[in-house]
Amino acid sequence: MIPRFIRRLAIVLLASTVALATTAAHAARDISIGLQAAITSMDPHYHNLSPNNSMMLHVFEGLIKRDENQKLVPGLATSWKAIDDLTWEFKLRKNVRFHDGSPLTADDVAFTLKRVPNVPNSPSSFATFTKPIVDVKIVDPHTLVFKTATPHVLLPSDLASVMIVSKLHGEKATTEDYNAGKACIGTGPYKYVEFIPNQRVVLKANYGYWGGEEPWDKLTFKILTNAAARVAALLSGDVQMIENVPTSDIAKMEKDKNLSVVSKVSNRVIYVHLNQSTEKSPPFVFDKSGKPMDKNPFRDVRVRKALSMAVNRDAIVDRVMEKKAVPAAQLLPDIFYGTSKKLKPTRFDPEGARKLLAEAGYPNGFSMTLHGPAGRYINDDKVIQALAQFYSRIGIDTKVETFPASVYFNRATNLEFGYMLLGWGTESGEQASAMRSLLATRDPAKGMGVNNRGRYTNPAFDKLLEQALVTMDDKKREGLIQQAAEMVMGEVGLIPLHYEVSTWAAAKGFKYTARTDQYTVATSLKPSK
Amino acid sequence: MTEYIIRRLLQSSLVLVAMSVLVFAGVYAIGNPIELLVNPMADDAERARVIANLGLDKPLWEQYLTFFKGALTGDLGKSFVFNVPAVGLILQKLPATIELALCAMVIAILFGIPLGLWAGLKPDSIAGKTIMAGSILGFSLPTFWVGLLLIMLFSVQLGWLPSNGRGDTVNVLGFEVSFLTADGLSHLFMPALNLALFKLSLIIRLTRAGTREALLQDYVKFARAKGLRASRVVGVHVLKNIMIPIVTVIGLEFGSVIAFAIVTESIFAWPGTGKLLIDSITSLDRPVIVAYLMIIVTLFIVINLVVDILYSVLDPRVRLGQGAGQGAH
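Protein chains in written order, with our numbering: chain A, 430 to 958; chain B, -4 to 324.
Derived by calculation from the structure, the hints in this document are not laboratory data.
Please note that a few of the clues may not be correct.
To be verified - In silico BS3-like pairs for lysine-lysine, Cα to Cα no more than 30 Å straight-line:
1) K611(A) / K73(B)
2) K596(A) / K73(B)
3) K221(B) / K560(A)
Unchecked claim - Covered stretches of chain A (chain B as the covering partner; in silico rule of three or more C-beta atoms under 8 Å from a C-beta of chain B):
4) 468 to 477
5) 619 to 628
6) 657 to 666
Built from N, CA and C at the ideal position, the CB exists for glycine as well.
Next comes chain B alone, as it looks inside the complex (with noise of 0.2 Å):
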């Protein structure tokens, strides 16, 4: 196993570089931060003095490997905009962005799981249906229009709840966290409502149809044969064999509950990651998107390889390492 963690980390250094070169080609190609960055009112000389100063006077491949050279030591560039290390900018955010997308997570897991094998046991019955089309709805309906409903019901309508930013926070093991304090948490709850129901959707969607087929299962018949409590039947049978499709969707969907939480940061002035790429990306600011891009594909590649980890214990039929990663996807 420590093999294969090994090469799966080459692998995905080999990824990281090639993705640095096409973002920098990318954002290179779309065009030059300066216009944004010098006030119209500068003269020719200030724009050149700006240029000469962000580097940008140089072709394209002296400045992709001075930011090579400086990432091998872990220095990603500084801001063009906020001349801070664009690291440190993100890092700033990043935690944030994660307990958003965890609190997200663990309501969609929360409900979603239980709600799904209720769906999948009785499929028939009125509350079976409620929860599919429920579902259907929470798939369907956009982000931000959730997202302004809610304000307009708990902020506005009823002001229980603050309509944007995050609340007080307090620090745990060096991260600033505000679901332990009631202010934070009623800042937290409606975005993390709003950015968890399509996960939500999927994973009561998952669940219902793994459970569907678990239990036209012959083990699931013999299991009920042998007259063992319903219970056992569902949370032994059923459930820990259809938790290897869930668990997959999990990882991968939390990568990108983490990498697209853009609308919902948006729309709640939540202080996270998405919102400042897509400040940088209009401004054209290379450096903290080239940087947001390499800390989130180094959180999907360990992602990955927690949830390849996890199969394993899941499910004793999947080893690692025998092939390269054989039963990885």
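Isolated chain A (complex conformation) (with noise of 0.2 Å):
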């Protein structure tokens, strides 16, 4: 809403402030934190919204946590292991406290998992973590056993997802009682003290902790949707720290010495989805003289080869993402489990691309539209511009469309268009469950290709991939997922760009450690004295 140039002024201005205002009176143990998305619901079941995961995790636990790196860590439970194929052990943690004192105990863990798939009018429900779970056996208050129908090995990163409520207060409790606090009661490091939506939510310590004492008495978290907001907010005092600081001002606010902004290689890929769904000529592509082809030209893996060679991953890492992006090899950055190391992302190499649209038979190329969202993936639209020039440059005649989300995302669903630019977070952390959901043979009974958009299919990554999901052993298993990985890529199922960096600023005496979830959560932010 707000033109760059505007920003730019203001930033500019304000940059050449000497009184910052960061010496605004404001006790040094309460902090405000500007986020940059609204906060639906206190219920940590009732959607399954990043916003809402990461507030989450301020006020519940999950059995087992997440690092920043989304490395998998003990939570509530100390320890789990796989006793055979379909069956599961968690130990609990002892001596953990409710925020209202009651024990935390295996009951709470089993009600939690019946409460999750029941919870009513969910938008978007965490049945999808738990639903592998088939039977729950309590052997002591503090050792449960799951029982699986097939092997899941995802089980323990799934559960990473669930936070564990206590049944005492959560029994009667509707989603409006977790919002009005009545039963926002969990284990975490900081208790429910007001929640208005899109406006505030107010935390506060919970000194019993029983991972030891947080540096901060109080938390405000602001919902500033507009980012030149966040930014003055910061700037003036009114928040601490800020979430998703707007690229054109990173440069500017890093040379800031009463600022301190640190940034990360996010989960989030964005890459290009080519529709194969067609025989003939998909949506939105057509020969030179705009006549549908007899042919999908997304079908021919040189065609495939050659939209990736023709992008300059590093010019739009350079010139648009103002150097806040990495360019993509494949679906996650390869400090992630799953992911290989061999390879690299796509050599940008017109000619190489030109020649191999002349073999494929395209000597002159062909015509299409890009199609991409608005305002969805940090500077959308202009990535998809510079896409556009690239493919010019080696002969397709290209137009560019973009729509806002809420239209453009139904549309690439229903298969109405052919180049599609989208952007995939992994939240568990590994690559296969996000080849699972892009490049998969399309199999809804199966939750395969559940987001294949690009209806891509190969049975012999298909084999390797369910092969590697039922594999418990993590090394062997890490292995096939590789495998597959490089066959897929090689195969250009689709074409990945880069990743996000996702930054976060904050004031002077604070320090933030990044996180890869682009959550923000105010356990990561300490006193930097």
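The task is to assemble the complex, starting from two chains supplied on their own in separate frames and drawing on the hints.
Given below as structure tokens:
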């Protein structure tokens, strides 16, 4: 909404200000944080949405937690192991108490698993994570045994997304009771104080927290959707940290001695799906004269390769993303589980791309419209314009069309486009689940290829992936996932472009440990001295 | 007059129905909220469950009928996103918006009319010219830009005022208001000023034009010739006669200030309905969009009715009820 030059002007003026208001009177241990997106509920099982999940980590905890690199670490469970392919044993941490003082026992965990699929009117349920568990056995107050119907290696990762609630307070509680705070009682480091939708969430410290005391007494999360307002709030000292700093402001803010800017590559890859669902031309793909073609060019691996080689990823990262992105070779940066170090971003080679197109029978190229969302991913509209220019260089006539997210994703799911710019954040932090959703042959009943909007299909790849998903041994499984990734990326099942880098900015005296899951959590914010 | 008011209310309910049909169909045409609501990791069964749960699997006319039946009993549906009644969600935010809009209008009127009068009475003085030049600025500077400048000046440079949010509130007659606390006022000042600037300029220009015209009228000349004090000439003969267009505009603009405080609300993170509407549109939360527009249309209808009644008070020549709404607009 606000033109960039205005924001730039604002930043220039703001940065030149000597008297920064960071000294504004606020008790040192009460802090405010500016968030970009609204929290829709304080019920941890109501809406599976990143801003909610991030907020819930303050009040509730899962059996397993994810650290800032999304590695699984013990949470309310001290240990877990697979007894056989279908049986898992979880040991609970002792001496954990809920905010009301009642102790955490296996009953609470069993109750949580029962509640998750049964939250009325949930717009996006967490049942996906609990569905594989067909039976829960309480061995003793601190030991549980879960049974799955089929081998389910992702169980620990799935359970890291399920927040444990108190049976005592949750049994009769509705989502409204959680929103009002009555039932919003967890084991986490902060307690509920106030939740006003679209405005703010206030939490206070849980001094008896088992994991040790947090440095803050009171947290106020303010919803500041507008990027300029967020930056202004930080500069004026109304908040001590903000998330999602607009890329155009980052360079200036990094030079400001009164601010600390941290960034980290995220689990979100920006990629392109090429619609391979049709025999003939997919929607919006034509020959040079604007007529549909008899063959779908995207079904030819040479065309897909050419479309990947034509893209100068470094230029996109340098110019469009102002260096706040990393060129991508697969679906996750190679610090994550199941990624292959052998895969490197496709080299920019317009001449090679032209040759491949000619080999595939398109010596003069073809014409297509590039479709993408506007405002869903960082600089998405600019990225897609850059892409169009790269393709013009190899002889493809391009048009660009973007839509608001509310329109775009429905149409993309209905396969109304040919060339689709999309993004995917892998919350589980391992590559198998991303490939399963985006690249496996679509089979909704099995949960395969649910978001495979390109309808890429490769039986050999499917077999490898399915094998990986039932291999319990971590090392062996990782090998299989890497092998599958190398196979599918070699065939350009989709075109990976870049990984987004998420950025936080904090006032002087605060230090944020950046996270790959793009979450903003106060437990990662510490005083810098 | 009673008959007139009843007729107006009947017409208004037709407007409301027509509007709800349009909005319903419009939001339906934009797309389906499912893609935005459901986590992309969810499988097709989960998607189907949510679609059925929200009633989106039914044909549009059936969805509308369900809505209409509910609306007759005052239930405009539950928000898709928040799962709470849409009306409740809006009414929770409405006091903040109305407070902001009222303060903006008070600023606009308190400063606009005297300044406009001054500029009209002394058009060639330096003060008069300065006022007019200022009003051009108020007209032409974009709201968000002025808002940012205000934040830079008062929050960042001087550190006097908070840059965002609403301050402490106190409960008056069941409404949370913030203008009675010092903290509340400090939060209120910038957004209210920001929102007022455009209306202020509008009122200045209207008042000035009206004053200039009125000064040439015979009754003003006579009043002067009669030797009346200047203050009486201005206060009674001029001001009262130029009030009709000004009241019309203030009435209409008040509605639009409430409905379109969106930009100001998002820059200052003011927790009002404008921000709620924008968020609801981006997430296609249809019940909230429909309920919001119904409430705003109702507001417009009421304001216009009040303006019409005010006319008859201000100008004895206007009589309500002769002919359908004659002289109403």
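Hint by hint, here is what the structure shows:
| no. | hint | in the structure |
| --- | --- | --- |
| 1 | K611(A) / K73(B) | 21 Å, holds |
| 2 | K596(A) / K73(B) | 27 Å, holds |
| 3 | K221(B) / K560(A) | 91 Å, violated |
| 4 | 468 to 477 | holds (count 5) |
| 5 | 619 to 628 | holds (count 4) |
| 6 | 657 to 666 | holds (count 7) |
Checked against the numbered hints above, the structure breaks only hint 3 and satisfies the rest.
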